[in-house]
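Work out the full structure, taking the sequences as your base and the hints as a guide.
Chain order of the listed sequences is Y and W. So the number in the numbering used here is just where the residue sits in the first sequence, counting from 1, plus 4. So the number in the numbering used here is just where the residue sits in the second sequence, counting from 1, plus 9.
No lab work stands behind these hints, which were simulated from the structure alone. Just so you know, these numbers come straight off a predicted model, no measurement behind them. Be aware that a few hints might be false.
Covered, in the sense of this in silico footprint (three residues per stretch, anywhere, with C-beta under 8 Å from a C-beta of chain Y), are these stretches of chain W [as the list claims (entries may be wrong)]:
{"no.": "1", "stretch": "167-174"}
{"no.": "2", "stretch": "263-274"}
{"no.": "3", "stretch": "282-288"}
Even glycine gets a Cβ: it sits at the ideal position worked out from N, Cα and C.
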Amino acid sequence: MSWRGISLLALLAAAALLSGCAHRDGKIELELWIADFNQDTRGLIDDELVPRFEAAHPGVKVNTQYISWAHLDEKLTISFAGGVAPDVFQVGAEYVGGMAYRGMAEPLDDYIAQWGQADDYFPASWNTCMYRGTVYGLPYLSAPRVLVYRKDLLRQAGCDRPPQSWEELADAAERMTVRRGPVIDLAGMNLPVSWQVYVQFLWENGGQIFTEDGARSLLDSPEAVEALQFYVDLYNKYEVCPTAGMPVAGGAIPVFASKRAAMEINNQFGVYNVKKYAPEMLDDVGIAVPPGRKEKVVSVYTDWLAMSPQSRHKELAWELMTFLMEPENLAAYNATLFFIPPRRSAADTARFMQDNPQLQEFVSLMEEYGRSLPAIPEWFEIRTGLQSAVESAIYQTKTPEQALRDYSRELNELLSERVEAGYAGG
Amino acid sequence: MPEGRGPVLQGQARTAYLFLAPGLALFFLFVLIPVIAAFYLSFCRYDIIHPPTWIGIKNYARIWTDISKQGIFYLSLRNTAQYAIGTIPVGMALALALAMLLNAGLRGISIYRTSYYLPVVTSLVAVSMVWMWLYDPSYGLLNYGLEVLSRGLSLVLGREVVIPPQAWLGDPGQAMPAIIVMSIWRGLGYNMVIYLAGLQSIPDHLYEAAIIDGAGPWQRFRSVTWPLLKPTTAFILVVSVIGASQVFAQVYVMTNGGPNNATTVIVHQIFQNAFSFMKMGYASAMAFVLFALIFVLSLINLRLLRGGEVEYA
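Dropping the structure here:
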């Protein structure tokens, strides 16, 4: 082939590639990224919500992408770096500080003031989207963690009410635990080895992870050490909680729904699993505020919708956000996933909430005791580091005190590296 | 027109460059430029969103502090070394043994070759997921085997024997061995095929001569097979060390570095810092430390196994 022929081909190829980027039919396109989804959610959004939004906004096309949590961080980062961030996207409970700090979420205070529906949201859910007094998103789904327990087993163990203190919790768990040789057949308490469980115990003991201004670690405080000690004791002293996986019923049925645990700290999925795998047990499942030591707390994890500061259609992006937040739309979305809708009007009216009396209890506990994670730009590093600290204590490579002292030092170093306000200019 | 070159040659050269151009363009765009950029970034603070700021050797200093304090990067170095020591010798020995079995004139050699090679061409992520099911503490095949074993033992011994189910990937002591076993299984076919090729290039008359000299099977292996396979062994060793240093996918999928950081490896740390913590500069510095490490290890390997040039007399 001649030189000219080849260069012509190359040109054509380049032209074909470039033309792929242009808008096909002159419509305004909004990009929406959803991270919490299943088949039902996709059906709801693709076949119902988006067509309705597009019908109400002629000339607008919504491209929805479903992105798993495993890839969300890297995809968001790369799309922001490339200047092609989605107009509206979903993020999780630890995100607001980092998003605000890096300029990856639009401050929404003005929109919200005009909208006037902020009071309808549960405070713990709402706080998830707030960093230093500014709101950066709208809560899309909530998961409050409560004590889920078996009423029948508790009665058999001679307790007439759910445990009210750490001592009662350990005592009840010990009484209900059933062992066969070295194996725990029925766990008095079922807990994952997780920083989130530790944060729950920490709050119950009146502790905090870091100072209110996010400048210094508080994990070396006596409250923090006591909380980790109690968490570790459930495994290694009281031995009511197996570190290894429990043998459960076949088919991936979770421990509690396999009737292998008497109590657990879980969100509404604890109830969902029982409904799905052991419906006959449902009446024996009780919901209560976790016992607590100095404070009674329900930790609330909320995923929310943010708007990109790079969006070229912010008004429309806001309209899409508020459309998805309309009570019936919000309820429909949460119904597909069995999460708690984070605003009262949706939680009160939603059919699936009314059909599940236990979910109503989650809502009232969340109203009374709900607390969300404090916002800080370094959450991703903190959750990784805190998880290591918790694991090293539970797997007994360090004492709780040593684990927290070591991590506290690391955390202080990390927090001291933050470049306040210097970023935009750098 | 340039002197001394005819129009024909010039035309040929132009065509040659033209054909090279796509490859070179890709190499520059996706290899050379990113490598240079990463080297520059390893001296910067860079969160991807904002322009990089020069901070000198701070990132490298931080790696040094981490190692001297036995921090997380130190752990990842140690785990990577554990992984390499766990996978390479056993993997190579098994591969050689299999290759020799297949080379012994087994019937249906191509079926065996294919089935051992199958895991190599299967997606590593898919393989990892399958092994996660095998290792699953509640309904995995391994714990099921333990349960069957304890029932069998109870029957035989006439008293209850309980072998507790193991957490495998969930246990800090078992997670790395579990990943190592899976990785050996996955890599076996590749090394085996290369060993097989090496074995088949050893001329038969050398073995015939050895037999005439009265050499038994072990002596034939020691004096003929092993020395003549030296270049093959060197190649596999170098490639395996590089591969082990860069292990990532199975760790990311199966344990994400846990539990208790028992399986975090160098590339996992690079990935985490770059894409979860948005510390591209620090991650780039780690990447260059890894590069230096692989470079030195490869030099040592090649030196150790030098003199492997074989002449079949």
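_Hints breached by this structure_ = none
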